[in-house]
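Engineer: Residue numbers (the working numbering), protein chains in the order written: chain A, 27 to 408; chain B, 1064 to 1157.
Hints may contain errors.
Unchecked claim - Heads up, incomplete: computed chain A residues facing chain B, CB under 10 Å, no partners named:
# : residue
1 : Pro37
2 : Gly39
3 : Gly43
4 : Val152
5 : Thr164
6 : Pro209
7 : Ile210
Stated by the list, open to error - Over the 10 Å line for every Cβ pair with chain B, so calculated as not near, a few chain A residues:
#  : residue
8  : Arg175
9  : Gly370
10 : Arg371
11 : Arg378
What the hints assert, rightly or not - Coverage of chain A stretches by chain B, computed from C-beta distances (three or more under 8 Å per stretch; other residues unrestricted):
#  : region
12 : 125 to 139
13 : 317 to 325
Hint data in this document are derived by calculation from the structure and do not stem from the laboratory.
Just so it is clear, CB atoms sit at the ideal spot from N, CA and C, and this is done for glycine as well.
The residues making up each chain are set out below.
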Amino acid sequence: MSFITGVGLTPFGRHEGSSSLDLMSKAAQSALDDAGLKRAEIDGILCGYSTVSPHIMLATVFAEHFGIRPSYAHAVQVGGATGLAMTMLAHHLVVSGVCRNVLVVAGENRLTGQSRDASIQALAQVGNPDYEVPLGPTIPAYYGLVASRYMHEYGVTERDLAEFAVLMRAHACTHPGAQFHDPITVADVMASRPVAMPLKLLDCCPVSDGGAAFVISRERTGKTGVRIRGCAQAHTHQHVTAAPSLSELGAEIAIARAKEATGLAISDVRYAAIYDSFTITLAMLLEDLGLAGRGEAAARARAGHFSRDGEMPLNTHGGLLSYGHCGVGGAMAHLVEAHLQMTGRAANRQVRDASIALLHGDGGVLSSHVSMFLERVRRASV
Amino acid sequence: MQYLHRAFCAACGTGGPREARASGRGRVYATSLVCRAATPETRVHVPYNILLVDCAEGFRMMAHGDNGLAIGDAVTASFKPFAGKLVPYFTKEA
Chain A
27 MSFITGVGLT
37 PFGRHEGSSS
47 LDLMSKAAQS
57 ALDDAGLKRA
67 EIDGILCGYS
77 TVSPHIMLAT
87 VFAEHFGIRP
97 SYAHAVQVGG
107 ATGLAMTMLA
117 HHLVVSGVCR
127 NVLVVAGENR
137 LTGQSRDASI
147 QALAQVGNPD
157 YEVPLGPTIP
167 AYYGLVASRY
177 MHEYGVTERD
187 LAEFAVLMRA
197 HACTHPGAQF
207 HDPITVADVM
217 ASRPVAMPLK
227 LLDCCPVSDG
237 GAAFVISRER
247 TGKTGVRIRG
257 CAQAHTHQHV
267 TAAPSLSELG
277 AEIAIARAKE
287 ATGLAISDVR
297 YAAIYDSFTI
307 TLAMLLEDLG
317 LAGRGEAAAR
327 ARAGHFSRDG
337 EMPLNTHGGL
347 LSYGHCGVGG
357 AMAHLVEAHL
367 QMTGRAANRQ
377 VRDASIALLH
387 GDGGVLSSHV
397 SMFLERVRRA
407 SV
Chain B
1064 MQYLHRAFCA
1074 ACGTGGPREA
1084 RASGRGRVYA
1094 TSLVCRAATP
1104 ETRVHVPYNI
1114 LLVDCAEGFR
1124 MMAHGDNGLA
1134 IGDAVTASFK
1144 PFAGKLVPYF
1154 TKEA
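Full structure from sequences and hints, please.
Structural biologist: Dropping the structure here:
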């Protein structure tokens, strides 16, 4: 078994003068403090990447900087799925006895460390260098293509997608660490500047500075444990040109494998933490995972189904869309929030029951997927 | 049939696949009109329409095309200069 014994998250937004290592260190220290563990007790380190400060050995750079000499360490790169992929690896390292306590960490000064153009350009390189990049696409354009097709096949509208931007903003308004705290309406989203149609500015996550970290351990600490019940991945393509049809995307494959690995069903899930780089990403993943029927996610959002008091509270911190997106740490914030919800520490955002959470991450253009189930375990036999 | 170039068949690994010339005809599978570009070279072209086109021969490709194109439109390929290179460009079939 493996447990998430500690979590750490910085506010997202502008951290003027902070480097990627500074933000990683800040989040890592919070996670260690939360777990009640000392540096010497950490024997594994997994870290993400930084587009601002790329390095071929970021995990050991961080280990030296932070002051840990681990017996296992390296970086992981799966785009937006990196955080959950690291968590899955940490789970297996702990379960197989390789490590006792693995620190999973990422942070990046993506907003203040480079120009917005540089960020957009760096990320567009997930496209094919010969067949796609010469056409001048951006990440919003890759997802804009997917969105246009999804809307065409399932009758989803731009107003439907806007619901998710509104929902994530409403959630961010209740979290002091979120990048955005001004409420928005569907009309605001519709009137926002076109980026890559059908996606407009408020359909897109921002670029942020921030950091996130967690500790995955063989033994639980604290009175409420959060256990990794099981997880699975699926990788169907890298480039959107080579993507399978909408009914064969990796989210459906990953969730099927995760359900099989855990014996859990979607009906068991009480809290959802789903990747939301764009409104279309969230709408599609909710439907691919079975958290809404095909073409019905927006109607559910509109009816309050995914709100804090709804049947399936979703990304109660505000998600990438409104808490912010600092690269790998961006989607790790979803897990931090799930952990706070499961351990009853989400303050004014606390949901009624987060006993079982479903997390899902996506990297590339719906290319790489990780689905994960977390389960709350109360101290019973101690 | 494969589109992204490799020296082998990605399904079976056999080397030396034969290159074939496509007719240039196809149907629009997806569109995204780019209104915010990230480089000075591409910014002078905004807005430009990026397409995925299902070609008659059975492969899918990314290209540019006329701004008014809709999913399902029958289209024909030509080439146009873009940011210092020639890129495939689709217009509605006459």
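Engineer: Each hint: holds or not?
Structural biologist: To see whether the hints hold, each was checked on the structure:
A least Cβ separation of about 26 Å between proline 37 (chain A) and chain B goes past the 10 Å threshold, and the interface hint is therefore violated. Among the interface hints, the one on glycine 39 (chain A) is violated; its C-beta lies about 21 Å from the nearest C-beta in chain B, farther than the 10 Å criterion. Taken as an interface hint, glycine 43 (chain A) does not check out: its beta carbon lies about 25 Å from the nearest beta carbon of chain B, beyond 10 Å. Taking 10 Å as the C-beta cut-off, the interface hint given for valine 152 (chain A) is violated, the closest approach to chain B being about 13 Å.
For threonine 164 (chain A), the shortest C-beta to C-beta distance to chain B is roughly 6 Å, which falls under 10 Å, so the interface hint holds. Because the smallest distance between the Cβ of proline 209 (chain A) and any Cβ of chain B comes to about 24 Å, over 10 Å, the interface hint for this residue is violated. Annotation: interface hint on isoleucine 210 (chain A) violated; nearest CB of chain B at approximately 19 Å, more than 10 Å. A beta-carbon of chain B is positioned within 10 Å of the beta-carbon of arginine 175 (chain A); the least distance is around 4 Å.
Once the 10 Å rule is applied to beta carbons, glycine 370 (chain A) is consistent with being away from chain B; the minimum gap is 42 Å. Even its closest Cβ contact with chain B, about 39 Å, leaves arginine 371 (chain A) beyond 10 Å, as expected for a residue assigned away from the interface. No beta-carbon of chain B is positioned within 10 Å of the beta-carbon of arginine 378 (chain A); the least distance is around 40 Å. Proximity of the region 125 to 139 of chain A to chain B, defined as three or more residues with a beta carbon under 8 Å from a beta carbon of that chain, is not established by the 0 residues found.
Coverage of a stretch by a chain is defined here by at least three residues with a beta carbon nearer than 8 Å to that chain's beta carbons; for the region 317 to 325 of chain A and chain B the count is 0, and the condition is violated.
The structure is inconsistent with the numbered hints 1, 2, 3, 4, 6, 7, 8, 12, 13, although it conforms to all the rest.
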